[in-house]
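Those protein sequence lines, which keep their order, are chains A and B. In this text, residue positions in the first sequence follow my numbering: the first is 1, and each later residue adds one. In this text, residue positions in the second sequence follow my numbering: the first is 382, and each later residue adds one.
Treat the hints as calculated values from the structure; they're not laboratory data. Only a predicted model underlies this, so the values are computations on that prediction, with no experimental measurement involved. Don't be surprised by glycine CBs; every beta carbon is placed ideally from N, CA and C. Be aware that a few hints might be false.
What the hints assert, rightly or not - Here chain B is said to cover these stretches of chain A; the calculated rule only asks that three of the stretch's residues, wherever they fall, bring their Cβ under 8 Å from a Cβ of chain B: (1) 32-42; (2) 281-294.
Said to hold, decoys possible - DEER-style ranges, computed between Cβ atoms: (3) B:619 - A:252: 48 to 58 Å; (4) B:566 - A:71: 50 to 60 Å; (5) B:580 - A:355: 58 to 68 Å.
Unchecked claim - A few chain B positions that, by computed beta-carbon distances, are all more than 12 Å from chain A: (6) 400; (7) 467; (8) 475; (9) 512; (10) 519; (11) 548; (12) 567; (13) 647; (14) 660; (15) 671; (16) 688; (17) 690; (18) 736.
Each chain, letter by letter, is given below.
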Amino acid sequence: MSQNSMLAMILAGGRGSRLKALTNKVAKPAVSFGGKYRIIDFPLSNCANSGIDVVGVLTQYESVLLNSYVAAGRRWGLDTANSGVYVLPPREKADADLDVYRGTADAISQNIDFIDNYDPEYLLILSGDHIYKMDYSKMLDFHKEHKADATIAVIPVPMKEASRFGIMNTDEEGKIEEFEEKPAEPKSNLASMGIYIFTWKTLRRLLTADVKNPNSSHDFGKDIIPTMLNSGRTLWAYKFTGYWKDVGTIDSLWEANMDLLNENSGLNLSDNSWKIYTQDMGGLPQYIGPDAHIRRAYITQGCVIEGDVTNSVIFTGAKVEPGAKVVDSVLMPGSVVGEGASVVRALVADNVEIGAGAKVGKAGSENIELVADNVAGKEET
Amino acid sequence: MCDALGIITSSANRQRVEGLQDYRPMGAFSFAGRYRVIDFPLSNMSNSEIDRIQVYVRENPRSLAEHLSNGNAFNINSKKGKLQVLFSNNSTVNDIYNTDVAAYAENINIIERSSNNYVIIAPSYMIYSQDYSALLHQHVESGADITCLYHRVNNAKDHFINCNTLNLNRQKGVLSIDKNRGTAASRNIFLNTYVMKKDLFIDLIRKSREYSSVYTMAQTVDHACKSGDYDVRGILHHGYVAACSDFRSYYEANMDMLNPETAHSLFNPNWPIYTVTTDSAPTNYFDTGRASNSLISNGCTIRGTVENSIIGRGVTIEEGAVVRNSVVLAYSTIGKNADVEYQVVDKWAKILHVDKVIGTPENPGYVKRDDIL
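Full structure from sequences and hints, please.
Here is the structure:
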């Protein structure tokens, strides 16, 4: 692939309000995942591993942390002479007032000047809120092979869940005939992964028109893709069969973390040929104390485990004190479970402290309990 | 800003760690699972805002050169700062010529050209935390010509053997530098760390070469003490110290880190020890995996039992395997049902076809790098 023939843009502006208190202060792509990562490490590492040199990250909601985080392109190896990660929040321009990104397509429209600088042939659009490992260069090969105007990555989902997704109805070969957003009666189970490759010249023309359309919501799924289908453009579905998960809710974020404990889940972050890169946090290796009991756990650097951990994922620098029990739970960076406390089916947010003897969560609960505030300890009884 | 050129020396006094040193210089030895020994002097300098640093390498430079790279990982300023790795032209005639002073003499022009007024010299094979800018300040305040950093120990009969010791007078003036032969329990172990003016350092190197071409820096300073021409003083170091001067001390220094208090006295959150990241995923403990009283690095797959051990990155411990009181370096595999006790297992080794590899606390064993047992 010649340099910059494909440029990537990551849509990272959303708040992700279904993640509740986790996104009070940070945008969803900056939420921690898998012990030592943040969600946005996945698309960024995929880009780096796919040989994409230039990545624009479109930020909007609570972008301070995200901006400083992604600006250090070195972390993902996106730091050679012609490559970089560029943070693109909305900005004031000579011919337009400062405005927020009004939709996913508008975020790209407002950065046409940035993209033109690199004169790419293809544009890859990604979202910053999915956990998956994917080689985008293979998807580009597919796009070129079919001389498509747009290629949309799709993943087969169980038919009964299909009505929760944007569904692509294709012909036998995979050419897209119809797109339905959350159809009540789905005709296919191929869900859009929110990953698009566009031939840039074509998309550029469409975006320029879309900006001026007062009836448009400036969204790829609602406006751009339907417009392309209606005007007879060639759209192909690229079928992906690996692990992919939208971690938009507390339950799904918990589940994706739990998938790391299951060898058959398809989510394996230890494959050296496709590493996920992240910020290096420093600190000692995890310390497992003399009386600790560990059974099925995913634990990272800087953790101190002196109690019992079963079927749980423990993030950077989290502590489990003596006599504490952590079961079926996720402990986010810097959280502390005090002596004798118990945490069951819970997701404990960053730096939250569970006081000694306190109990949070319940075995067999329908939903995972999010613990976003410190929990006071209980007196010994 | 600290007005000192940092110099990190290789093992000049012919110390040798059996096994490990066949593959890499002492500075590149793995420590506490994810560090290398040289991370300590380098981080000490970097944290002290010393940003011109020379690292002298005597043999097998590959692993050290790779680790140091351009100093990026060690928080050394990429524009103002500079990390130089200097490889010495070793004499093949006789190893006695390959001293630290010989290496400095070879690079004396580079040292002279540095704009710093002082030099701080630290060895690559000693593990300790120290604020060098505070040390420099103390040195300047004292008016001494040369300051030597030392550590007071009460176990010198069977530890720090062959390390240098300072013979001090009541005013902490250094009378001489001797070897620890294990004859007394209390010793001032010299951390082979010096502070002096750069001009004096250059002067000492020249004089040393004229006097004897096989003199080390310690011998040179010992000679300076005895001559009475220089004011040489000792400053006491507080905190943890380990000298990886032989195989057993290397093993013990690693095991020391299993004591949380000891570990905290070396790893202070306000004094970060930098190292190079390998982007390993967190460690995965499967159904049959167990661990207690251990430091375990990222990227490991644990299906067996780990007790009282230090485990490096990317180690695989198979079902039924038991690792006790051992230091397992990165990317090794302990195969099914293997019993490993009191061993240092070097990188990429695989213990697959033997049931037991067992040493003793006094005589821990060594499994060679890349080896299959």
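Hints versus structure:
For the stretch 32-42 of chain A, the proposed coverage by chain B is satisfied: 3 residues have a C-beta within less than 8 Å of a C-beta in that chain, meeting the threshold of three. By the rule of at least three residues with a Cβ nearer than 8 Å to a Cβ of chain B, the coverage given for the stretch 281-294 of chain A holds, with 13 such residues. Residue 619 of chain B and residue 252 of chain A have their C-beta atoms about 51 Å apart, which keeps the hinted 48 to 58 Å range intact. Remark: the range hint 50 to 60 Å for residue 566 of chain B to residue 71 of chain A is upheld by a beta-carbon distance near 55 Å.
Roughly 60 Å separates the CB atoms of residue 580 of chain B and residue 355 of chain A, a value that falls within the hinted 58 to 68 Å. In this structure residue 400 of chain B is separated from chain A by more than 12 Å, as the shortest Cβ-Cβ distance comes to about 22 Å. A cut-off of 12 Å between C-beta atoms confirms that residue 467 of chain B is not in contact with chain A; the least separation is 26 Å. Listed as a non-interface residue, residue 475 of chain B keeps its Cβ farther than 12 Å from every Cβ of chain A; the least gap is roughly 42 Å.
Every Cβ of chain A is farther than 12 Å from the Cβ of residue 512 of chain B; the closest lies at roughly 18 Å, confirming the non-interface assignment. With a least beta-carbon separation of about 28 Å from chain A, residue 519 of chain B lies farther than 12 Å from that chain, consistent with its non-interface assignment. No Cβ of chain A approaches the Cβ of residue 548 of chain B within 12 Å, the least distance being about 36 Å, so the stated non-interface status holds. Residue 567 of chain B, annotated as away from the interface, keeps every beta carbon of chain A farther than 12 Å; the closest lies near 31 Å.
Not every CB of chain A is more than 12 Å from the CB of residue 647 of chain B (nearest about 9 Å), against its label as outside the interface. With a minimum CB-CB distance of about 5 Å to chain A, residue 660 of chain B fails to clear the 12 Å threshold, and the non-interface call is violated. With a minimum CB-CB distance of about 7 Å to chain A, residue 671 of chain B fails to clear the 12 Å threshold, and the non-interface call is violated. The Cβ of residue 688 of chain B sits about 9 Å from the closest Cβ of chain A, inside the 12 Å cut-off, so the non-interface label is violated.
Its beta-carbon lying about 10 Å from the closest one in chain A, residue 690 of chain B breaks the requirement of being farther than 12 Å from that chain. Residue-level check passed: residue 736 of chain B sits 25 Å from the nearest beta carbon of chain A, beyond 12 Å.
Going down the numbered hints, you'll see the structure goes against 13, 14, 15, 16, 17, while the others check out.
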